[in-house]
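Engineer: Single-letter residue listing:
Number of protein chains: 2
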Amino acid sequence: MIADKMKPLMGNNSAIRTMFEEGDKMRAEYGPENVYDFSLGNPDAPVPAEVKQSIIDILNEEDPTALHGYMSNAGFEDVREAIAQSLNRRFGTAFDHGNILMTVGAASGLNVALKTILNPGEEVIVFAPYFLEYNWYVNNYDGKVVQAPTDQETFYPDLEAFEKLIGDKTRVVLINTPNNPTGVIYSEETIRQIADILERKQKELGRTIFLISDEPYRELAYGDVEVPYVTKYYDNTIVAYSYSKSLSLPGERIGYLVIPSELEESQLVFDTASNANRIIGCVNAPSLQQKMIARCVDVKVDLDYYDKNRTALYEGLKDCGFDCVKPEGAFYMFLKSPVADENEFCAEAKKHNILMVPGSAFACPGYVRLAYCTSYDTIVNSMDGFRRLADHYGLR
Amino acid sequence: MIADKMKPLMGNNSAIRTMFEEGDKMRAEYGPENVYDFSLGNPDAPVPAEVKQSIIDILNEEDPTALHGYMSNAGFEDVREAIAQSLNRRFGTAFDHGNILMTVGAASGLNVALKTILNPGEEVIVFAPYFLEYNWYVNNYDGKVVQAPTDQETFYPDLEAFEKLIGDKTRVVLINTPNNPTGVIYSEETIRQIADILERKQKELGRTIFLISDEPYRELAYGDVEVPYVTKYYDNTIVAYSYSKSLSLPGERIGYLVIPSELEESQLVFDTASNANRIIGCVNAPSLQQKMIARCVDVKVDLDYYDKNRTALYEGLKDCGFDCVKPEGAFYMFLKSPVADENEFCAEAKKHNILMVPGSAFACPGYVRLAYCTSYDTIVNSMDGFRRLADHYGLR
Chain A
1 MIADKMKPLM GNNSAIRTMF EEGDKMRAEY GPENVYDFSL GNPDAPVPAE VKQSIIDILN
61 EEDPTALHGY MSNAGFEDVR EAIAQSLNRR FGTAFDHGNI LMTVGAASGL NVALKTILNP
121 GEEVIVFAPY FLEYNWYVNN YDGKVVQAPT DQETFYPDLE AFEKLIGDKT RVVLINTPNN
181 PTGVIYSEET IRQIADILER KQKELGRTIF LISDEPYREL AYGDVEVPYV TKYYDNTIVA
241 YSYSKSLSLP GERIGYLVIP SELEESQLVF DTASNANRII GCVNAPSLQQ KMIARCVDVK
301 VDLDYYDKNR TALYEGLKDC GFDCVKPEGA FYMFLKSPVA DENEFCAEAK KHNILMVPGS
361 AFACPGYVRL AYCTSYDTIV NSMDGFRRLA DHYGLR
Chain B
1 MIADKMKPLM GNNSAIRTMF EEGDKMRAEY GPENVYDFSL GNPDAPVPAE VKQSIIDILN
61 EEDPTALHGY MSNAGFEDVR EAIAQSLNRR FGTAFDHGNI LMTVGAASGL NVALKTILNP
121 GEEVIVFAPY FLEYNWYVNN YDGKVVQAPT DQETFYPDLE AFEKLIGDKT RVVLINTPNN
181 PTGVIYSEET IRQIADILER KQKELGRTIF LISDEPYREL AYGDVEVPYV TKYYDNTIVA
241 YSYSKSLSLP GERIGYLVIP SELEESQLVF DTASNANRII GCVNAPSLQQ KMIARCVDVK
301 VDLDYYDKNR TALYEGLKDC GFDCVKPEGA FYMFLKSPVA DENEFCAEAK KHNILMVPGS
361 AFACPGYVRL AYCTSYDTIV NSMDGFRRLA DHYGLR
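For the protein sequence lines, the chains are A and B, in the order given. Residues 1 to 396, numbered by full-length UniProt numbering, are exactly what the first sequence covers, in order. Residues 1 to 396, numbered by full-length UniProt numbering, are exactly what the second sequence covers, in order.
Check each hint, because a few of them may be wrong.
Identical chains blur together in the list; that is why a pair holds if it fits in one copy or across any two.
In the PhoX-like style, the derived pairs of lysine-lysine whose C-alpha atoms are separated by at most 25 Å in a straight line are [as the list claims (entries may be wrong)]: (1) K164 - K201; (2) K326 - K336; (3) K144 - K5; (4) K164 - K144; (5) K318 - K336; (6) K336 - K350; (7) K203 - K232; (8) K326 - K308; (9) K350 - K25; (10) K351 - K25; (11) K203 - K144; (12) K5 - K169.
If you are wondering where the hints come from, they were derived from the structure by calculation, not from laboratory data.
Isolated chain A (complex conformation):
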C-alpha cells in the first residue's frame, strides 16, 4: 500500500520516538517528576513575551486579507529585508532581501536547498555523529549520504579524511554547528580549513561544491564563544536557519535560507529555490509568523535557562566520572558510554528512570545523547541515578 521508498522508514522505528513512548509509560507509572527524560530536543525555555505581543499588534494593525494572503514564494519582502539587516548588523555581512528566502522551518529549508541543487546519485558529505534525518532529506532527491569522521575527543572534523572523501560525485557538504548531538561549535579556523579544502577541490575537480550550513542552534552559544558566519568564508554556501530554538516555537515552522550573492549564479539558484519552495508543497512560509519575525528579529530566548542546565549536567556528570566534551552550544551533551554497547548503558540508565538516546541514532555508537532542554529540577534530581550508574560501572 505504501511507496517502496517509504518502507525502510516504517520498518525502522526511530530510537528517539521509541524513547519518547517509553518515557510516557514511565511517567504514568512513576509520576513525571520521577522520570529524567533527556531524550527529546523539544525546546522548553519560555517563549519570549515579544512574540505574543507582536502577533497581537500585527493582528490589530494590519489588513487581514493582505496579512494572511499569498505573497511571493520567497516570502514578504519587508520581512526578508529585516532579517538581512539583522544579519548584517550582527555578522558584518552584506545581505539584502534578495538573499533571504523564507521557509517552513530549517527542515523545509534543507529540502528546498537539496531540491534546488542535488541530482540523483550525487553525494552529500556529513560529519558523524549527525542528525540522521538528513539521510531522509537526501534520499528525497535520490542523493547519497557519505559520512566523514570526526575526532572522537573533540568531535571536530577529521579534515584529512574529509578531503579524501570529496570526489566527482560530491555536490554538497552539510555541516551543523552548534551541533546536534554533540553541542560542539566549529571554530573560525575549522570553518576556514573546510572552506580551503572545498575551494581547492572545486578547482581540482572542476565542479561546484555547495556548503550547506544547518543552523537551527546558531543563537544557542554559551559564554563568549562565537559561531562564525559561514558565508564569509566560502562563496558557495547556503545557510538554513530556523527560529524553532531561538524563539522556542518549533511547532510554527518558520525559518529561512540565505543564498548569498557571492554564490555562483546566485540569482538563478535563488529563483529556483523559490520555485522549489512552491512545488515541494510549502508554497511559502506561514505569513503571520513571517510578519512576527520582522518585529522580533533580534529577540531570543533566555540563554541562561539552558546554560544553567548545561553547567549543572556537565559538572554533575564529570563528578560522577563520566567522560564527555563540554558542549559550547545547542542543548545537547554527548556522553561516552562506559561500555562499548551504548544500548546496554541506556538500558541500565532506565533502571534509574533516566532516558537517553543511543549514539547509534546519530551514526556514532559507543555514545549517548542527553538533551538538557528540560527543567533544572530534572537535572538536579537525576544526579542520584547518575551516581548509582557511575558506581555500577566503577567510574568513581
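Please arrange chain B on chain A, whose structure you already have, making use of the hints.
Structural biologist: Just chain B now, with coordinates in the frame of chain A:
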C-alpha cells in the same frame, strides 16, 4: 548550478506569473482601478472576524511553550478531532482524529499523499483542464501524469475514455471539484460512476487505485449545489483540504488530509503519511493556525461576496455573446476563446486592460480562465472592455 529536474521549471515561465508581472506594469501605467486583472486566484473575500479573535484568545489562554511547541507530526489531537466531528456533522461521515492529518495547506497535503503511495513510473490520472502544478507534485516522486479528457461543453469527465486509460501502472486518480479552472462541481452521479469504474478496475487489475480528491474550493459552492463527500463513495479515497479559500488565508498554509478507516491498511498509510509530512521537511502544520482552526472549524467567508461577482461576470459575458459554462463553485470561469488561439484572444483583451490566463496553462487550449476573486467594481468596470472585445470578434 541547479538540479536537472528543476531546469524545465525554470525554462517555462508560468503563464500566470507572466500575467501577474504584466498586471503590475499596467497598474503602474494606467492606475490600478483601470486594470481588470482576472489572472490571479488570490482569495479576496474578507477574512472572517472569528479568525483574528480566536488567535488572540488562544494567545491569551494557552501556555505559549506548548502552543508553539512540537506536537505529533500528524498535528494536535484536539484539532484533528474537532475537524473530524465537523465533517461528521456536515457530511454524515464517521471520522475521528485518527483519520485527520494536519498539513501545510493542500499543496503540501497532496505532496504528503503522493510521497506516501506513489512509486517511480506509476501513473496519476487527471482530468483536463487541470491545475498544472499537479505535474510538478507528481514529478517530485518520479510518477507520470496521464491526462483524461472531459466533455468540452460541461467539463465533466469523459468516463468511457477515462476507463480506457486505467492500466497496470495507474496508482492514483486525482480529481478537483469544485474545479480550478472551470468552476464545475461533479455531481453525486459522476462521483458514483468514477467510484464504480475504479472498483471494477481494482478487481480486474488486482491492484489498489487511490482516488485523491483535492478540495481547496469545497466550501465555495453556490446556491443549493452539494459537493458530494468522496470518501462515502469509494473506500481508497484520500481527501486533501485547505483553509486557504474557505477562510481567505492562503499565506498561512493550513489544511489537512483525510485518510478514512475504510482505506486498505488505513493505519499503515496514515502512519506513513505522518512520517512523510516530517521527512519532506514540513514536520507539522503551523501550530498556532492549527489551534485557530479548532475554534473556527465551522466558520467560512461570506459566499455572497464571490456569488455576486460570479453572477455579474457570467451574465455580463453572456450578454456580450461569449460562451462559457456557468460555474457552480470555486471562483473561476472558463470562457471559450472566440478564436482558436486563445493567446491571441488574451492579447486582444489586454488592449482593453483585461488580464486573463490562457487555457493552455491548464492543458486546455482554446479557452481562457477568469478568476473572479476581485472587487465587484472590477467586474462592472471591465464590461465596457468585454463589449468592445465582443464587437471585435463579431459576437453581438
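Engineer: Each hint should be assessed against the structure and marked as holding or not.
Structural biologist: Taking the hints in turn, this is what the structure says about them:
| no. | hint | verdict |
| --- | --- | --- |
| 1 | K164 - K201 | within (10 Å within a copy, 54 Å between copies) |
| 2 | K326 - K336 | within (12 Å within a copy, 70 Å between copies) |
| 3 | K144 - K5 | both (14 Å within a copy, 17 Å between copies) |
| 4 | K164 - K144 | within (16 Å within a copy, 39 Å between copies) |
| 5 | K318 - K336 | within (11 Å within a copy, 77 Å between copies) |
| 6 | K336 - K350 | within (17 Å within a copy, 70 Å between copies) |
| 7 | K203 - K232 | within (19 Å within a copy, 61 Å between copies) |
| 8 | K326 - K308 | within (13 Å within a copy, 66 Å between copies) |
| 9 | K350 - K25 | within (12 Å within a copy, 66 Å between copies) |
| 10 | K351 - K25 | within (13 Å within a copy, 70 Å between copies) |
| 11 | K203 - K144 | within (22 Å within a copy, 38 Å between copies) |
| 12 | K5 - K169 | both (22 Å within a copy, 17 Å between copies) |
Of the numbered hints given earlier, the model fails none.
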